[in-house]
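S.K.: The chain contents come next:
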Amino acid sequence: MAKSPLIVFEHVTKWYSGNVIGLNQCSATIGKGITGLLGPNGAGKSTFLKLATGQIYPNIGQVSIFGVNPFANTGIFTKVGYCPEQDAFWSWMTGKEFLVNLSLVHGFSKKEAKDEAKRVLEIVGLDDARADRRIVTYSKGMRQRVKVAQAMIGDPELLILDEPFAGADPITRAYLGKVFEKLKKKGVSILISSHVLHEVEAFASQIKLIYRGRLLAEGPVKRIRQLIYDHPHRIFIKTKSPRKLAQHLIIEPSVSSVEISNGGKNSSLWVLSKNPYEFYRTLPKILIDTGIPVEEFQSVDDNLQAVFDYLISR
Amino acid sequence: MEKQITSTMETHSDLLSNQVILRVSIRRSILSRRGLAIILVQLLFAIYPIIGVYMAQTKDKNIYANGAMEAFHGWIRVLFEIIIFPFSIAIVSSLLISDEIEDRTITYWLIRPIPRYEIFVSKLLSLFFGVALMSIIVVPFNFLMFAWGAQILGEQIYWELLAHHLAISIVANLFFASIMMFFATRFPHSILISIIYLILWEYLIYSIISESAGGGLRWFFARNYIEQYQEFIANEFFQQSFVLDVSSYSNLLILGGLTLLFSFLAVKSGAKREYP
Ligand SMILES: Nc1ncnc2c1ncn2[C@@H]1O[C@H](COP(=O)(O)OP(=O)(O)OP(=O)(O)O)[C@@H](O)[C@H]1O
Ligand SMILES: [Mg+2]
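Protein sequence lines correspond, in order, to chains A and B.
The opening residue of the first sequence carries number 1 in the working numbering; numbering runs sequentially from there.
The opening residue of the second sequence carries number 1 in the working numbering; numbering runs sequentially from there.
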């Protein structure tokens, strides 16, 4: 890499009290641009981001950010903005007060703090009327916007955002997505965690897949997308004549196995396809040719969890 | 290159930042509904002397060796100074730290470019402010109760004694506050633990103040055995601690020193721990 990486994890292991493992021998390098940290619930995404921002320290291994050890080293926050996952606010504060107060702590004078609050509010698209309401009355989407706004105080070079889309409405998602793209053009780097690929694939250039505390795969968004859509899918089909349909399906090259679960009227098929793309194309043809009626059809593998289970069992 | 990076990554340190943390902490832990409820409970207990007056006048009167007013002082001392006030402080000081850790609002302070210890200095100051506020509200109220009780009982008020108690109580409570804050930074989710520690320290502090080992609690428990109790207050406790002696000022100094020590430890352990 020509330029020095922003964040480096070297064989980092972190466990919490009660022998819960948060990260397990994780080595990773985060460079410039937008990086998506992808993993299902409990994968260790938040642990990763808290380690990177020095809120916790590794039990084994080393973490560095901008070349320094982040633990309790608050100097890094001149360059790093962090958006926590938790939805925590001081109950009496309005959005504006919240941001002004935090700007003051950031080192702005009273007047500058007001301007700074205004600037970040504008970026995340919260107008005055909403900013003057108490945060606890906000919708989830608005609260996410305020949290992202506080991470932008001081115009950091690197934003570390823990699931900023979680629970947000589609409008907020789209809006924040655009904000991140604009920031990227301005040269701001972003590390963003999520458990859904399509939330981040539009603007992230690199993806890190993390599961059970381990870095499973990493690469440009295209490769990870392929990986996810290329892995076998399990498909559920509900039909009145499962045996007949199974006979037709098993000879298809895209199908690796068919399982019939018989229950009288509720008979159904579980199809394992190693080439789902191909399978989804040929299935309608088969159904039309054979005339077998299908009541229900469902791909259960559209969630990340299954992809990870697959990746880990390879 | 490396040097350049570190030189631009320095924390700043200014009064304004600390003021904000101080203000938010006070607003949250002391001027909040819960903080005010704690003060209210204290006020309710500050009225407790009324019961003391009643008891001193009626059937309990004969058990007090040195007169009704002394009995009256005793009531105040046990119920208010030894139990209610310190407990309130234990709760407020644990809340001051644990609450923000538990609901994670502390994160918003921890991710600013200010040294971590400043966060905890601000919190300690807001705690001391809370202690002072409670003293200002509750102690004069208590004094009024005394004056009123003395009028009814037709006895003199030990004004010097009250002043002495006030001084001790404020310093002792600052001391509690610093200790509780220290424990809160160590064991964030443990109001229960702080209360256990509180009881232990209670015992020690009253040893220091009253110069009779474990005075406060022993006296309190002795109350269940009226006869021993009668002897006890006649011989030991009252004789020693109801005198404004100079040595108590040295005790105040000891407490003050310990307060500084625990404040330092509280700030240090708060700044050095991790916040998962
Ligand atoms: N403070 C904590 N104390 C104990 N265990 C924890 C703590 N925080 C996280 N863990 C555990 O560490 C593991 C990783 O958690 P982490 O929060 O990093 O996952 P995540 O990928 O962020 O998940 P999510 O999508 O739910 O936010 C989980 O098993 C979790 O239960
Ligand atoms: Mg998380």
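Do not take every clue at face value.
To be verified - Heads up, simulated DMTMM-like pairs for lysine to aspartate or glutamate below, C-alpha to C-alpha not over 20 Å straight-line:
id	chain 1	residue 1	chain 2	residue 2
1	A	Lys244	A	Asp230
2	A	Lys238	A	Glu218
3	A	Lys184	A	Glu157
4	A	Lys111	A	Glu157
5	A	Lys140	B	Asp103
6	A	Lys184	A	Asp230
7	A	Lys244	A	Asp289
8	A	Lys110	B	Asp103
9	A	Lys79	B	Asp14
10	A	Lys32	A	Glu10
11	A	Lys79	B	Glu10
12	A	Lys111	B	Asp14
13	A	Lys114	B	Asp103
14	A	Lys140	A	Asp87
15	A	Lys222	A	Glu252
Stated by the list, open to error - One side of the interface only, derived from the structure: several residues of chain B facing chain A at Cβ under 8 Å:
id	residue
16	Asp14
17	Tyr108
18	Arg116
19	Ser269
20	Lys272
21	Glu274
Derived by calculation from the structure, the hints in this document are not laboratory data.
Since the model is a prediction, treat every value here as computed from it, not as a measurement.
Glycine included, C-beta positions come from ideal geometry on N, C-alpha and C.
S.K.: Confirm or reject each hint.
M.R.: Do the hints match the structure? See the list:
1. With a C-alpha separation of about 27 Å, the suggested pair Lys244 (chain A) and Asp230 (chain A) falls outside the 20 Å cut-off, and the hint is violated.
2. Restraint check: the Cα-Cα separation between Lys238 (chain A) and Glu218 (chain A) comes to about 36 Å, which exceeds 20 Å; the hinted pair is violated.
3. Pair hint Lys184 (chain A) plus Glu157 (chain A) holds up; C-alpha atoms about 10 Å apart against a cutoff of 20 Å.
4. A distance of roughly 23 Å separates the Cα atoms of Lys111 (chain A) and Glu157 (chain A); the hinted pair therefore is violated under the 20 Å criterion.
5. Restraint check for Lys140 (chain A) and Asp103 (chain B): the C-alpha separation of about 17 Å stays at or below 20 Å, so the hint holds.
6. Annotation: proposed proximity of Lys184 (chain A) to Asp230 (chain A) is violated, straight-line Cα distance about 29 Å (limit 20 Å).
7. A hinted pair counts as satisfied when its Cα atoms are at most 20 Å apart, and Lys244 (chain A) with Asp289 (chain A) qualifies at roughly 12 Å.
8. The suggested pairing of Lys110 (chain A) with Asp103 (chain B) is violated, with an alpha-carbon distance near 27 Å, which exceeds 20 Å.
9. For the suggested pair Lys79 (chain A) and Asp14 (chain B), the alpha carbons sit about 19 Å apart, so the restraint of at most 20 Å is met.
10. Distance restraint check for Lys32 (chain A) and Glu10 (chain A): the Cα-Cα separation of roughly 18 Å lies within the 20 Å cut-off, and the hinted pair is therefore satisfied.
11. For a cut-off of 20 Å, the pair hint linking Lys79 (chain A) to Glu10 (chain B) stands: about 10 Å separates their Cα positions.
12. Between Lys111 (chain A) and Asp14 (chain B) the alpha-carbon distance is near 15 Å, which keeps this suggested pair within the 20 Å criterion.
13. Simply put, Lys114 (chain A) and Asp103 (chain B) have alpha-carbon atoms about 26 Å apart, too far for the 20 Å limit, and the pair is violated.
14. A distance of roughly 9 Å separates the Cα atoms of Lys140 (chain A) and Asp87 (chain A); the hinted pair therefore holds under the 20 Å criterion.
15. Between Lys222 (chain A) and Glu252 (chain A) the alpha-carbon distance is near 28 Å, which puts this suggested pair outside the 20 Å criterion.
16. For Asp14 (chain B), the shortest C-beta to C-beta distance to chain A is roughly 7 Å, which falls under 8 Å, so the interface hint holds.
17. Nearest Cβ of chain A to the Cβ of Tyr108 (chain B): about 6 Å, under the 8 Å cut. The hint holds.
18. Taken as an interface hint, Arg116 (chain B) checks out: its beta carbon lies about 6 Å from the nearest beta carbon of chain A, inside 8 Å.
19. Checking Ser269 (chain B) against chain A: minimum C-beta separation of about 12 Å lies over 8 Å; hint violated.
20. A hinted interface residue such as Lys272 (chain B) counts as satisfied when its beta carbon comes closer than 8 Å to some beta carbon of chain A; here the least separation is about 6 Å, so the hint holds.
21. For Glu274 (chain B), the interface hint holds, since its Cβ comes within 8 Å of a Cβ in chain A; the closest pair sits about 4 Å apart.
Consistency note: the structure conflicts with the earlier hints numbered 1, 2, 4, 6, 8, 13, 15, 19.
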